[in-house]
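These protein sequence lines map, in sequence, to chains W and C.
Residue 1 is where the first sequence starts when you use my numbering, and the numbers rise one by one after that.
Residue 1 is where the second sequence starts when you use my numbering, and the numbers rise one by one after that.
Read the hints as simulated data drawn from the structure, not as lab findings.
We put the beta carbon where it would ideally sit given N, CA and C, even for glycine.
Possibly wrong hints are sitting among the right ones.
[Said to hold, decoys possible] Computed beta-carbon distance windows for the label pairs:
(1) 43/C / 35/W: 26 to 34 Å
(2) 97/C / 213/W: 47 to 55 Å
(3) 129/W / 60/C: 21 to 29 Å
(4) 39/C / 212/W: 21 to 29 Å
(5) 13/C / 52/W: 51 to 59 Å
(6) 35/C / 35/W: 25 to 33 Å
(7) 19/C / 129/W: 14 to 22 Å
[Unchecked claim] With a straight-line Cα cutoff of 25 Å, these simulated DMTMM-like cross-link-like pairs (lysine to aspartate or glutamate) come out:
(8) 18/C / 122/W
(9) 16/C / 124/W
(10) 74/C / 226/W
(11) 118/W / 65/C
(12) 76/W / 59/W
(13) 74/C / 17/W
(14) 16/C / 72/C
(15) 16/C / 153/W
(16) 18/C / 124/W
(17) 125/W / 14/C
(18) 20/W / 226/W
(19) 20/W / 72/C
(20) 118/W / 35/W
(21) 16/C / 59/W
(22) 18/C / 97/C
[To be verified] Heads up, incomplete: computed chain W residues facing chain C, CB under 8 Å, no partners named:
(23) 47
(24) 106
(25) 246
(26) 247
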Amino acid sequence: MATAATSKGINWGGGNEPFKASWGKLMMWFFLVSDAFTFSALLVSYGLIRYSHTAYNPDAHGAFQFSIDYWPVPEKVFEAVPFLHGASLPLVFVGIMTFILIMSSVTMVLAVEAGHRKDRRDVEKWMLWTILGGLTFLFSQAWEWTHFIHGTEGGGATDVYGNIIYGANLVQNQYGPAPFANLFFFITGFHGMHVTSGVVLNIIIFYNASIGIYDRPGRKIDPGAEPYEMVEKVGLYWHFVDLVWVFVFTFFYLV
Amino acid sequence: MAEIQNLPGGEVAEPKTKLIWRTFWILFGLTVLEFIIAFTLPATLFRVGIFVILTIVKAAYIVGEFMHLRYEVKFLFWAILLPMIFVVWLLIALFVEGGSIFYAG
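Pulled out of the complex, with its shape left as it was, chain W reads as follows (with noise of 0.2 Å):
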């Protein structure tokens, strides 16, 4: 195809292809740019919620303990691990979480990988174990979603009348004021849907390799492109998934 760019630069006046990717690949990283505004959106606002409540500060309220008075130290909130009841594990499971994720992350580019060898049977097991991968996380997510609703058995924080918070919920959380609650559902949720689509997306692109769409010829799914291609396209995404765990796991669990 007539696409070469010259050494001048790229031609801009039509009938090749500025970019050298398909439109397929095209539109799914403008949509990822978008994906990430949003994502931006609920961390700035995590920062700025987070900011205007009191930090917790040893000098002025002594050891540690829940309270809707100040923002909980998330290692001190995030310190369950299934199995293993009662054991104070700060961190530890949520780090098995982001482990998870980055795995998935990798045998999807080995998925890819595979693809542009036209290899069906390593993209089929690249991709088994990437739908495997993001099953586990999502798993894992509800485990750590009931673990936080429930709460501890001792319950944590006080509400203004004295009475002890058990768990949490939209209007009151165990752990420190409302919004701490609002926004980890909220976050974590709406990047727990993000991995839900991924992983049915994951399916699709196993099944359609499977029964071999990506190997007949002539077969054109985005013109221009091979079809091979759609594993990229959907790796794309999965790992934008990954990446954005990446700044959760920072904003929400370390920082």
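Take the given structure of chain W and dock chain C to it, following the hints.
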């Protein structure tokens, strides 16, 4: 990426995964480093700064290597990156105006 054609006889080319695994180990190492910092350094603005820098490095590896943006045409590269740079500018401006960081009084 260079075009890799199917070999004659229905065989496929050998996988090239060295760079992928190298990127994985870098991401893994940086995450472990973040954990260590989270439990050793006191919670100060300095520590937040370290976390932000490490996160941006991780993001660069994911977008550059896994999403392949580093190897795209430079117009595409900047079409994606430039809006994000403006968003970062907006974020910093909001936090400064909100008095959250660099607050003197």
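Now for the hints, and whether the structure bears them out:
{"no.": "1", "hint": "43/C / 35/W: 26 to 34 Å", "in the structure": "holds (30 Å)"}
{"no.": "2", "hint": "97/C / 213/W: 47 to 55 Å", "in the structure": "holds (52 Å)"}
{"no.": "3", "hint": "129/W / 60/C: 21 to 29 Å", "in the structure": "holds (25 Å)"}
{"no.": "4", "hint": "39/C / 212/W: 21 to 29 Å", "in the structure": "violated (50 Å)"}
{"no.": "5", "hint": "13/C / 52/W: 51 to 59 Å", "in the structure": "holds (56 Å)"}
{"no.": "6", "hint": "35/C / 35/W: 25 to 33 Å", "in the structure": "holds (28 Å)"}
{"no.": "7", "hint": "19/C / 129/W: 14 to 22 Å", "in the structure": "holds (19 Å)"}
{"no.": "8", "hint": "18/C / 122/W", "in the structure": "holds (16 Å)"}
{"no.": "9", "hint": "16/C / 124/W", "in the structure": "holds (17 Å)"}
{"no.": "10", "hint": "74/C / 226/W", "in the structure": "holds (22 Å)"}
{"no.": "11", "hint": "118/W / 65/C", "in the structure": "holds (20 Å)"}
{"no.": "12", "hint": "76/W / 59/W", "in the structure": "holds (18 Å)"}
{"no.": "13", "hint": "74/C / 17/W", "in the structure": "holds (13 Å)"}
{"no.": "14", "hint": "16/C / 72/C", "in the structure": "holds (19 Å)"}
{"no.": "15", "hint": "16/C / 153/W", "in the structure": "violated (51 Å)"}
{"no.": "16", "hint": "18/C / 124/W", "in the structure": "holds (20 Å)"}
{"no.": "17", "hint": "125/W / 14/C", "in the structure": "holds (15 Å)"}
{"no.": "18", "hint": "20/W / 226/W", "in the structure": "holds (13 Å)"}
{"no.": "19", "hint": "20/W / 72/C", "in the structure": "holds (8 Å)"}
{"no.": "20", "hint": "118/W / 35/W", "in the structure": "violated (30 Å)"}
{"no.": "21", "hint": "16/C / 59/W", "in the structure": "violated (55 Å)"}
{"no.": "22", "hint": "18/C / 97/C", "in the structure": "violated (45 Å)"}
{"no.": "23", "hint": "47", "in the structure": "holds (6 Å)"}
{"no.": "24", "hint": "106", "in the structure": "holds (5 Å)"}
{"no.": "25", "hint": "246", "in the structure": "holds (5 Å)"}
{"no.": "26", "hint": "247", "in the structure": "holds (6 Å)"}
Against the hints set out earlier in the document, violations occur for numbers 4, 15, 20, 21, 22.
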